[in-house]
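Following the hints, position chains P and Z against chain W.
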Amino acid sequence: MNEILRTTAVELAAKIKARELSSVEVIHAHLERIAAVDPDVHAFLHIDGERALQTATRIDTKIAHGEHVGPLAGVPLALKDVLTYAGAPTTCGSKILAGWIPPYDATVTRRLLDADVVIVGKTNMDEFAMGSSTENSAFGPTHNPWALDRIPGGSGGGSAASLAAFEVPLAVGTDTGGSIRQPASVTGTVGVKPTYGGTSRYGLVALASSLDQPGPCARTVLDAATLHAVIAGHDPLDSTSIDAPVPDVLGAARSGDVAGMKIGVVTELRGEGYAPGVEQRFGEAVELLSTLGAEIIEVPCPHFVYALPAYYLILPAECSSNLAKFDAMRFGLRVGDDGEASAEQVMAATREAGFGAEVKRRIIIGTYALSSGYYDAYYGQAQKVRTLISRDFERAFATVDVLVSPSTPTTAFKIGEKVDDPLAMYLNDLCTIPSNLAGNASASFPVGLAPEDGLPVGLQVMAPPLADDRLYRVGAALERTLVGQWGGSLLDRVPELTVVG
Amino acid sequence: MSESTRVDPVEAHLALRQAQHGHGQARDTVPYEEAVAAFDPVLGLEVHVELNTASKMFCGCSTTFGAEPNTQVCPTCLGLPGSLPVVNALAVESAIRIGLALNCSIADWCRFARKNYFYPDMPKNYQISQYDEPIAHDGWTEVVVDGDTSRIGIERAHMEEDTGKSLHIGGATGRIHGADYSLLDYNRSGVPLIEIVTKPIEGTGAKAPQVARGYVTMLRDLLRALNVSNVRMEQGSLRCDVNVSLRPSAADPLGTRTETKNVNSLRSVERAVRYEISRQAGLLRGGGRIRQETRHWHEDSGVTTSGRSKETAEDYRYFPEPDLVPIAPSRKWVEELRGTLPEPPAVRLKRVTSDWGFTDLELRDVISAGALNAIEATVAAGASPQSARKWWLTEVARRANEMGVDLEDAGVTPQQVAEIQALVDNGTINDKLARQVFDGVIAGEGTPTEVVTQRGLTLVSDDKALSVAVDEALAANPEIVEKIRAGKVQAAGALIGQVMKAMRGQADAARVRALILQKLG
Amino acid sequence: MALTPSDVADLAKLARIELTHAELEHLAPQLEVILDAVARVSEVAADDIEPMSHALPLTNVFRDDVLRPSLPREQVLAGAPASELDRFRVPRILGEEA
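Protein chains in written order, with the working numbering: chain W, 1 to 501; chain P, 1001 to 1521; chain Z, 2001 to 2098.
One chain only, chain W, in its complex shape:
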């Protein structure tokens, strides 16, 4: 594999700025890699090669003229196909948006472009971000580079897989119930969900408005932190965005000093349903943190057991409303318009043809949960449970600096294994969901391979709202020590992908 592909984003940026490498050759190398392996991995739905090379050329010229460029200038990045990028298709993994070209950029996209990052393409995802395996994509699943017959996680499986396959060093995903963290966990990469409101949702096609957050995905902690600093921050176009400076994630990532930190292990997030290898590697990682000077404390969070049920009421309710705009009238798919059918009929036929099974399930549940007579018992009650979960976190963070747990109960399962069992699929989000409900910052860091199957295991760190930097502090500590133990990045052990052609 071309050495360029194994270089971290931060190092690439430094080399490009120093003109040891040109952005153009970096982009070329990655586009070649994508062409070589993506037929097997299927991380991408759209490659924006021509525009990427044009951008790269422009950046090289800027640098040659001594103009100021951003900290990740010239580095390639993959954008989850749920974020708008004007001029490129945004499908959200759905037939109903096949071919839709948005006329505007998401704020996150705009910040990346302004920072001279090179967006090379849009990545695959579970349809409208609903899923934990990317099997719900209308355009076929993405395959985990660790084992092509396994899921890469979801809903952001494409972003995570593109990193693990060395197709790009940076990706931006979105996390509603674990869609950044769980894929990161099962692909051995780093994925971060900022504090709710930390990153703008303007241009993020909404799933559950009160839960969604865009976030950085990378292979290393420092790369993720650098990306985090570029995309996060207040946005006047998003009323729910936080009007405060971005926490010092870079400083924390560089420091990685956990001595004296109080780390809480969540009592409820273990035991039945958790794979032995996951629990083992998790335990080892916690032990490691202890040797690095952190104090480990057991922390019960009794209401976490209600997180999954509350989530699967709040999300469907909000998404049933958010997805109502897909009605064939102004954009997207239109089916059944034969000149006789009414608008109502065309709407219903289009949504029937354009939405997949999981999307339909959640829309129906959401419609039910909000309907008169049921609101109080379902949605209303779920929002109260949410308060209780928040209070569990508050109480916990009064005694510890961060909480940790496995990122997901299992390693990557086989494609097709859980598709017919929605409830079983939902259990993948057990560990990640509480943070979405409470809105606090949370991330997944790779902590090893499970002995039984050799597949990646992730450790989840959870920090209080606005304390995103603590995530990076713990992640950096783990990475430094583990990489030392492993003799290199965990991802050095990804099997060589058969190069097509």
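Accuracy of the hints is not assured; some may be wrong.
[Stated by the list, open to error] In the DSSO-like style, the derived pairs of lysine-lysine whose C-alpha atoms are separated by at most 27 Å in a straight line are: (1) Lys95/W <-> Lys62/W; (2) Lys95/W <-> Lys2013/Z; (3) Lys1207/P <-> Lys1261/P; (4) Lys2013/Z <-> Lys1165/P; (5) Lys1261/P <-> Lys1390/P; (6) Lys1519/P <-> Lys1483/P.
Source of the hints: derived by calculation from the structure; they are not laboratory data. Nothing here was measured: the structure is a model prediction, and the numbers come from that model.
Below, chains P and Z alone, put in the same frame as chain W:
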């Protein structure tokens, strides 16, 4: 009724249904006086006000009326995937001021909510509105009808966004029925609206239609004084839905109400209420039931017709808008805004009553004609209160009635009325000629002064010309001249008439009289 | 929580999705299972607990009443399935305007 005493129940039922469903005058409508004698009407009025903010409720697109279609839209008001709303501060300020002017409590903390339903003019297929947490609630206002003051409870005033506009193509009337397809313009989508809902208005009896009209008129004047809206009903910046129900007496529980839309002018408000009372009374008298439904007012035929009857009420599945954060107006801000309110209607009424010196009857007429604003503006432009009243309640009112529009839409402004009076005052024209000036102004020929010039309506003040006409009249009527010389001065009247005719009315009658008498010694 | 195919059909109508008969049959039991699972939220005695809509207690986020550029009309209509006279063309609408 027919001479047969046996009525086929099926036929009777069919006749009733026909009356219910048919267009045109329902056969079983009871005369209004009978209707209000037999039943006690209860009203509910819902008024939507389009605010005059420069930008929309949740985005920065312009709200200017009449722009080219789809040139004032952005991802947010077009409801594109990924778009988000951000609240317009001025809209919130206007909402609070409206609430205060209606004596409402302003919420300490409130939220927006989504009202979910599918309709092509609503890009997100939900409307961002307010549900159980309106920004203003539990207020009151007063309406004066024929000297009687009614206190009307205000249930709530809340913020929401307007929808786009549809053109229905292919049907006979341009309305939705029978259309082949529709065309959507989203310029209006997202324009800020304030919805003001009254509490049930009881105890108005036979005056219900006037009270309804009086309320909307008062509200219009209030909103204009607050400067929060253009309040042009014919442009749609002030919309009114009227709810009407009947019950046998005030002691009985409320009856089933109907909601009537497409009430596009003040006079429509009065007429629609009146019609609905008659129609419902007729139905009830005939043993029928009132269906809870939305009806459509037809100004041309003067009836309401049934819209699509909803068997079950639409379930809007309201929930708090997750893309917006709560609004918590500080009490300090609220009090600051209270300081910006114009004088309350009752106080204003007192003031103009004492300033203008109208009699009670004159005042009543002014109020029921909805002319208070117009007269005040005319006085401000320099006319005397009495002259202002005269013109608005005679010339302008007559023409407004002929055209079937409200007073203020007759085509003449308060400034123009003042100008006309000024022309009379300075002797350029007289009252009679003024009527022609009104014609000209309303026809769009220009300002009053321009019309006078263009139509050649100036009073002849030149004695020489008058003198010639007088001499001619004197010469032509020797018998009358005799009578006058004999002392019967009143006989001059006929001569004056002739001179006026000869001068085509462009003479000051008093001057003519003086000239006649002067010449006859 | 007994959810019949007919119940699902009613919900699908509200949500404007024309589910096939097979889908209705298939979905009803699936949804029932899910609803039973989520009904767990009612186990928590939360009468005196305030519902939470947002992670952070933000209030009063406003924008000034200033104009921002609108989209050029070609871009507005670019994604439209059908357009005519600079407007979005949609099939005949059955329902009354609200």
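Hint by hint, here is what the structure shows:
Distance check on the hinted pair: Lys95/W and Lys62/W sit about 39 Å apart at the alpha-carbon level, beyond 27 Å; violated. Distance check on the hinted pair: Lys95/W and Lys2013/Z sit about 21 Å apart at the alpha-carbon level, within 27 Å; holds. Restraint check for Lys1207/P and Lys1261/P: satisfied, since their Cα atoms lie roughly 21 Å apart, inside the 27 Å limit. Straight-line distance between C-alpha atoms of Lys2013/Z and Lys1165/P comes to about 25 Å, which keeps the hinted pair within the 27 Å bound.
A C-alpha spacing of about 34 Å is found between Lys1261/P and Lys1390/P, which places the hinted pair above 27 Å, so the restraint is violated. With a C-alpha separation of about 14 Å, the suggested pair Lys1519/P and Lys1483/P falls inside the 27 Å cut-off, and the hint holds.
When held up to the earlier numbered hints, the structure conflicts with 1, 5 and fits the remainder.
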